[in-house]
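**Q** Listed here are the chains, written in short residue letters.
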Amino acid sequence: MEAPLVAPETRRERLRLAFVVNGEGRELLVDPCKTLLEVLREDLALTGTKHGCELGECGACAVLLDGELALSCLVPAVECEGRAVTTVEALRDGPELHPLQAAFADHGAAQCGYCTPGMLVAAKWLLDRNPAATRDDIERALAGQLCRCTGYLQIYEAVEAAGRVLRGEPAPGPRLPAIVRGGAHGRSE
Amino acid sequence: MAAPSDPPPGGASFGVIGRPLRRVDARAKVTGETRYADDLALPGMLHMKLVRSSVPHARLLAVETRAALAAEGVRAVLTGADFPVPFGILPVSQDEHALCTDKVRFVGDPIAAVVAVDERAAEEAARLVKVTYEPLATIASPEEALATPEPRIQDHGDGGNVHKAVAFDFGDVPAALASAEHVFEDTFFYQGSTHLALEQHATVAWLDPDGRLTVASSTQTPHYLHRAAAKVLGLPPAQVRIIATPQGGGFGGKTDPFNHEIVAAKAALVTGRPVKIGLTREEVFFCHRGRHPVLMRLRTGVGKDGRVVGHSVETLLDGGAYGSYGVASTFYTGALETVTYAIPRYRFRGCRTFTNKPPCGPKRGHGTPQPRFGLEVQIDKICEKLGRDPAEWRIENAVAAGSLTANWMMVRTTGLVPCLEAVVKASGWKERRGKLGRGRGLGIAASAYMCGAGHPIYFNDMPHSGVQLLLDRGGGVTAFCASTEVGQGSDNVLAVLVAEVLGLQPGDVRVVTGDTALGPVDLGSYSSRVTLMMGNAAVEAASRARERLAAAAAARLEVPPDQVGFGDGRVFDVGDPGRSMSFAEAVQRAEAAGGTVGTVGSYKAPPHPAKYKGGGVGPSPAYSYSAAVVEVEVDEGTGLVRPVKVWIAHDIGRALNPILVRGQVVGSVYMGLGEALMEEQAFRRLPERLSRALVHRSPSMLDYKSPTGPDMPEVETILVEDPEPNGPFGAKEVGQGPLLPIPPALANAVHDAVGVRVDEIPVTPEKVRAALRSADRRAGPARFPAVPWPDALIVPPPWEGGDGTAVNEPKKRKGAERHPEAVKP
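Residue numbers (this note's numbering), protein chains in the order written: chain Y, 708 to 896; chain R, 82 to 906.
The hints are simulated quantities; they were obtained by calculation from the structure and are not laboratory data.
Keep in mind that the hints are not guaranteed to be accurate.
[Claimed, not checked] Stretch-level coverage of chain R by chain Y, calculated; a stretch enters the list once three of its residues show a Cβ under 8 Å from a Cβ in chain Y:
no., region
1, 735–742
2, 798–808
3, 862–876
[Said to hold, decoys possible] Lysine to aspartate or glutamate pairs mimicking DMTMM-like chemistry, simulated, CA-CA at most 25 Å apart:
no., chain 1, residue 1, chain 2, residue 2
4, R, LYS726, Y, GLU867
5, R, LYS694, R, GLU890
6, R, LYS786, Y, ASP844
[Claimed, not checked] Quick list of simulated restraints, FRET-style, between CB atoms:
no., chain 1, residue 1, chain 2, residue 2, range
7, Y, GLY763, R, PRO216, 49 to 59 Å
8, R, VAL681, Y, ALA885, 37 to 47 Å
9, Y, ALA885, R, ASP716, 51 to 61 Å
10, R, VAL593, Y, GLY880, 23 to 33 Å
11, Y, ARG842, R, GLY520, 39 to 49 Å
12, R, ALA148, Y, LEU735, 31 to 41 Å
13, Y, GLU731, R, ASP553, 34 to 44 Å
Quick reminder that beta carbons are idealized off the backbone N, C-alpha and C, glycines included.
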């Protein structure tokens, strides 16, 4: 007879979870209280997915669940049985960066980098569905993703540039500030 | 050796400075591989939860932990009894215990810690800790603090619930106001706000295999945490290693040593196992240390020509329950008031009170955005009354480079005028202001900020930053510095500066940062100090390495060492660049000639002329300047203010990387707009039946309103480059300064749009509507309360024969001397 599925230390029940993560089948015993976010980060060591609130308010934990954008902090892990999860770790295939990742790096869209995985996943979800996404589409799709560093503009510019790359169009380089040469030590001349 | 603001010799341009390169840590960030504190997990790791006070002010009668300790999976329970030694960021206010010993001072103050095999077990057991309180009267506001000297929230400070009260007279301001053509008096309020860094604070502490303690934490100040942890834990600092992990944003919110960091360290010592704590978002609101709510009264006298003859600022700060940086914050509400416009006489009074709320501290701009808001809005009112263009007034009255101000701040370089001219031109200010039709308007404001505090937090004569370089035979360079990457790009600054000096690419330089065991001290990511201070240390270390390589290469190339150039990974004869060797070969030759190639560099801020007591807050090796024009649309029906576009110019000295500089400017505009329009760290009392406890009104990211992407207007960024001799290759700061002009420019734009004054931040729809309905077309505080100011320190300004000391200071410091370069601004 099979032993009961309990954690020996805390004597709490564990449930068996089999699902596909980044294209690979995973099977594990999980605490039924855990969210998908917690299982990804704590049980599978996929720490690329972040958390800023664990209440569905900041978007940092966004993943794709069966291809749909989902906030992993609001999804009970046990509801993922048999489903497919894609995280930021699977954005690139091999050592080369995905065009979105390259654009985020080149356009200054990642400052502290903490919202970046969620932004990237949400942007990928958008461009997968709407390769011709406009600035308005991008703003709307990313409206639930909070960023505290960039002021958002560089993120939008990066997604626009990545969209062009994915469409095979020439993409602009990063937007640069105008530079005015000041006079010698502050005297405007 | 050439000054660090100069380009390379031989007329060459910079190799990497100023180029729009990908930052060195970009790849890790976009792949999700950056390891933030909560991403660390170690075998056998335990998890910790804190039991926090549910009441705002009480004596602790009993903390009963037996049930928690007996719960499944619990390995340790700690209480205040385990932490008899207090700590705090400032030497003058060591008023925190890692867990409360005898009193709790706000809802959220930590009382006990439960350490268990997993987070859930710790959380469940934490609920079994029973706390018995003897409630004390709650003090909810500075006015209540002034009126309620007992019970005292803290037993230190300037009496009752006044934490710190300071008073300075730099010249006779009452006399100046009496002689003024016009005197303007305004009362302003600037609401508190919090950093809301997306990353919640986390700490992992463990014992190394050799038994020594390591604490990895989301801290902006590993050096100060190092000192505090060693002190509280009773360990020699050499037995403690702090690793500041890359942070998911800081903005000043991770600049204090925090209770949870020290408790996790203690738990690791007690259990012998790794211990992690990750704070919830609500707990991050409890950590706070954010923008102080400040009530202020400004009085400014101007002459017939519109020039200021005297200026007075009084500030009343709501400090929360602990000292934190509060003494410095109090001084900062007055210190930088003088560095933008010529003020011949200046009077400052500042008072910080204790209240039963999470402590306030440094948030981007630390203590200066509040009086900056007051000053810039009052200038708008002065110009309105005098019929002057507020942009022109600012340009005419700008402090000149090389000035010493009334309060003895040395302004060496300033880009204020070019910044103002740039935003006036770009925004079409002259053509468009006042002509956009009802409901649409333009506002202008300018500001200044420090490039690093002139003094460390605790008194010492040592460098503020150090960099160590290791050059290997393969041509690789590793730069070690315990500086802290909070997202601002400090790792990139380090790599770029070393690469520039050695003729390499940033990617050729490996940086090892944030680790007190592996890098020389850098005091931390605060006061916008890292680019200038760490940068100068990096340039010095790299220049010393370059000298060694040049000497070795010179022998081979048969030229004098000063004819050896570095660039594109090669070391060459500048007279005949074809005669060259690889950088790796130059390292090998230097190593053969003189042994292992390792160099160090360090930086200490220059001495400053403000010798009076309190004059240590405000001096900086350089000040950066910003100017902004904000265009708004105001809906008179709803009161809603929508920023349409922002033009901002920043005095950067030299942009080391224009992408990163623009990112800091736009990010500052964003955060400034959040404060200007919506952010509030506000509190409310629970109803009588629920204890009337004072609780945070919105401790979640949904309820604490911050701007989202669609709230952001277009931002046009202009950089003014005028190399600063004290900066590395001329660079100044950019992380904080550009926030400062945004709130006042927005309030001034609202006036241009609908003719009302909202003298209070945030400018909410309710306040706009109230102003539109009121007889005086104004919303804002009505009065400034009576504050028991101490006797003022009397410090004559430079042009009144002063020497930078107070004439009535009890103990005059030695070494005060006259400064011949002092000129009236």
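**Q** Please check whether ALA885/Y and ASP716/R have a Cβ separation lying inside 51 to 61 Å.
**A** 32 Å, violated
**Q** Take a quick look at whether LYS786/R and ASP844/Y sit within 25 Å of each other, Cα to Cα.
**A** Distance ~23 Å between LYS786/R and ASP844/Y Cα, so the pair holds.
**Q** Does the beta carbon distance between ALA148/R and LEU735/Y stay inside 31 to 41 Å, or does it fall outside?
**A** 32 Å, holds
**Q** Below or equal to 25 Å on CA atoms is what counts here, so check LYS726/R against GLU867/Y.
**A** 20 Å, holds
**Q** Are VAL593/R and GLY880/Y spaced within 23 to 33 Å by their CB atoms?
**A** 31 Å, holds
**Q** So is the region 862–876 of chain R in contact with chain Y by the C-beta rule, three or more residues under 8 Å, or is the coverage claim wrong?
**A** violated (count 0)
**Q** Please check whether GLY763/Y and PRO216/R have a Cβ separation lying inside 49 to 59 Å.
**A** Taking Cβ atoms as reference, GLY763/Y and PRO216/R lie about 35 Å apart, which means the hint is violated.
**Q** Taken at face value, is the distance from the CA of GLU890/R to the CA of LYS694/R at most 25 Å?
**A** Holds. LYS694/R to GLU890/R sits at ~8 Å (cutoff 25 Å).
**Q** State, for the Cβ atoms of ARG842/Y and GLY520/R, whether the hinted interval 39 to 49 Å holds or is violated.
**A** 25 Å, violated
**Q** Taking the beta carbons of GLU731/Y and ASP553/R, is their distance inside 34 to 44 Å?
**A** 38 Å, holds
**Q** Residue count check for the region 798–808 of chain R against chain Y: does it reach three with CB-CB under 8 Å?
**A** holds (count 7)
**Q** Holds or violated: 37 to 47 Å for the Cβ distance of VAL681/R and ALA885/Y?
**A** 38 Å, holds
The structure shown violates the earlier hints numbered 3, 7, 9 and 11.
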